[in-house]
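Trainee: Chain by chain, the residues:
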Amino acid sequence: MKNLSMALKNLKNNLSFYALYLLSVAFVIMIFFAFTSFSMNKVMLEKISNDGRIETMCNTISVFLMAFVVFYMSYSNRFFLRRRTKELGIYALLGYRKSTVLSLLMTENLFTCTGAFITGILLGGFFHKGIVFGITKLLDLTVNHSEIPLFNPNAIMKTACFIFAVVIVSVLSNSRFLFKTSLMDLVRYEKSAEKKMKFHAVLAVIGFWAVISGYCLALDILRGTKSLWTTVDFYPVAMLTFALILSGTVLFIASSLPFAVQAGKKNIRKFYTETKIITTPGFLYRIRSNSRTLIMLTLLSAATLTASSVMALTLYYPIAAVSRMAPSEIECRIEDENEIAAIRQILSAYSSDTDVTFLQTDIYKVTSTAEQLPVEYGIGTSKGDADNERILREAGFECIPYSAYQALLEAQGRTKVPEHPLRVTRLCFRLCQTICREARTCRETRTGYTKYFP
Amino acid sequence: MSALLEAKEVTKIYARAQHPSLNNVSFRVSKSEFIAVMGASGSGKTTLLNVLSTIDTPTSGSITIDGVNIQSLTDSGAADFRRDKLGFIFQEYLLLDSLTIFENIAVPLTLQKLPPKKIENMVKSLAEAFGIDPQLHKYPNELSGGQRQRASALRAIVKRPSILFADEPTGALDSSSATDLLNTLKESNKALSTTILMVTHDAYAASFADRILIFKDGCIIRELFRQSDDRRTFYESIAREVAKLDTER
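Those protein sequence lines, which keep their order, are chains A and B.
So the first sequence is residues 1 to 454, counted in the numbering used here.
So the second sequence is residues 1 to 249, counted in the numbering used here.
Hints are computed from structural coordinates only; laboratory data are not their basis.
The beta-carbon is built from N, C-alpha and C at its ideal position, and this holds for glycine as well.
Watch out, some of these pointers could steer you wrong.
[What the hints assert, rightly or not] Label-pair restraints from in silico Cβ distances: (1) D217/B with S103/A: 41 to 51 Å; (2) S103/A with A239/B: 45 to 55 Å; (3) A239/B with T298/A: 53 to 63 Å; (4) K190/B with F179/A: 34 to 44 Å.
[Said to hold, decoys possible] Some chain A residues flagged as far from chain B (calculated, every beta-carbon gap over 12 Å): (5) Y96; (6) T136; (7) F162; (8) A243; (9) G264; (10) Y364.
Here chain A stands alone, though its shape is the one from the complex (with noise of 0.2 Å):
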């Protein structure tokens, strides 16, 4: 029998146990390929993003994404080969050589992540279309769905070259696994005899109160400006949470737990019951022989969790950024009345002026003597943070009414006006006369003009 027919059969016959590892595979690369596609999707991001920041961020986030997904397809990859090791006994002891067994793997694998790879692009593409749908539905924005392709060939391009290094990686790890493992451990796979772990109590203790220390530290972030996090430094503060959740982590399941257990079994009494003298000693065994599973387990969890909360606060911040980012068309910052006239003489001499709206805004520039004020406050005033280093800003805030900008809404056609703004230039509001009541008010005219193509 081939290679390639036995792979077949293997997969034919165990469908249930491969569909798992095939569902969880083609939902990762779903998750990737849209998105993939949504950081190559021109149309959208012309609409979201005018500095690249979107792009930037889109990038970093699947470097993450790609490393997260390689660590774990070659982790459940693994778990999977551990519960094959009679079968890989078997080939060896008839006679394959370690090679013939690791291309066998290879053909599988491809197979998986073929099927893996049609399922999630499938899928992908429509979450990726639903995304789209769903923010130009809540942002209100006019994109014409038809230029946007359901299925981006570079898109596609990209997630088969990363399955392949994932198929890749996966072959390096199952070869590492054969050329490590000696025949005797693959053909007698009974467990040998677990060795009596000793639970220390000061390892158990530093590990309840690492766990401990580690989540209230992260909590703590919540204070605000009285919280460690400002107080400190961040990045400091950062490595240490990190540092105390992960040792912690490691020593509450391999000591803590098995410790606390293994003192409740000294009360005589309360162990000596009929369901107690089952539990106990069974949760032991369990820590004892599968601890590094469940720790990887809960590590790998929190990386998801945190990998996915980042990437929802990152596709987030478009949204809540384009709501914010320029309410008009065209707009141009004019200090001198006069050239009001000419601009309107230019733009009659392009179009007529029916197509043309003209909104006028006054910019508030409210400037402060407080000590303390947000970063954006001083954001472009000096060299090295500004987008355009000849033309340096004043510090201050500038500010319009909530009124107009409104006007400027509607005039784009934007008839539902976001809920968020609103609280947010209440809020700009608020600041700003909390500022100007301590301080020095420097009121600057400043008029802008919004040319609206309908």
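Position chain B relative to chain A; hints supplied.
Mentor: What follows is chain B alone, placed relative to chain A:
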């Protein structure tokens, strides 16, 4: 008769064990001999099988099978050696669950790259000879333990190995299936002159062999030979020997 397998002063010491599992064991197995290795659990009989069959490596000593010193083999060399020269039967059958019985038996021949037509004929005729042709197109989990073990025996025999290693082949079988399997082994030993080395703790299973090595604490302490063709007499002498060993314990 020429020696097919020769073990010289084979010793195996496991890292954490206090006593060697095999202590200077030397013996020879002739071509087409059916030899049984007996002993209590922990006497070293399974270690002996592992070491002889390239599954494990001895700490010292030398093992030659069919003129090949098996310690000199590389990883792939050992795989090829198992493919061409060795057959295995284990207590837990070790059939591939996703293949039918027919395909399971055909795998060793496919590995030897025989022409497909020949493979089909060989599997069919062997199955007919040993009476498992009705089960050929079933999957292992559709069969009883006895039928599975018979299939695994045929998978070992079909490639005409130089030597067949059997590790407690009847351990998981009821008495009638065990008798069937032992008859299968005996038949292949007689008709196809397959050399068999069988590890067992069961005196009944051992009574099908021509010669018995009795192990204790990693050493061969006694050797029994079949005197007549009568299995029952041989069984009685083995049983006596085992009883004597038990009282000496």
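Trainee: Does each hint fit the structure? Answer for all of them.
Mentor: Here is what the structure says about each hint:
no.	hint	verdict
1	D217/B with S103/A: 41 to 51 Å	holds, 44 Å
2	S103/A with A239/B: 45 to 55 Å	holds, 51 Å
3	A239/B with T298/A: 53 to 63 Å	holds, 57 Å
4	K190/B with F179/A: 34 to 44 Å	holds, 41 Å
5	Y96	violated, 6 Å
6	T136	holds, 49 Å
7	F162	holds, 30 Å
8	A243	holds, 36 Å
9	G264	holds, 31 Å
10	Y364	holds, 76 Å
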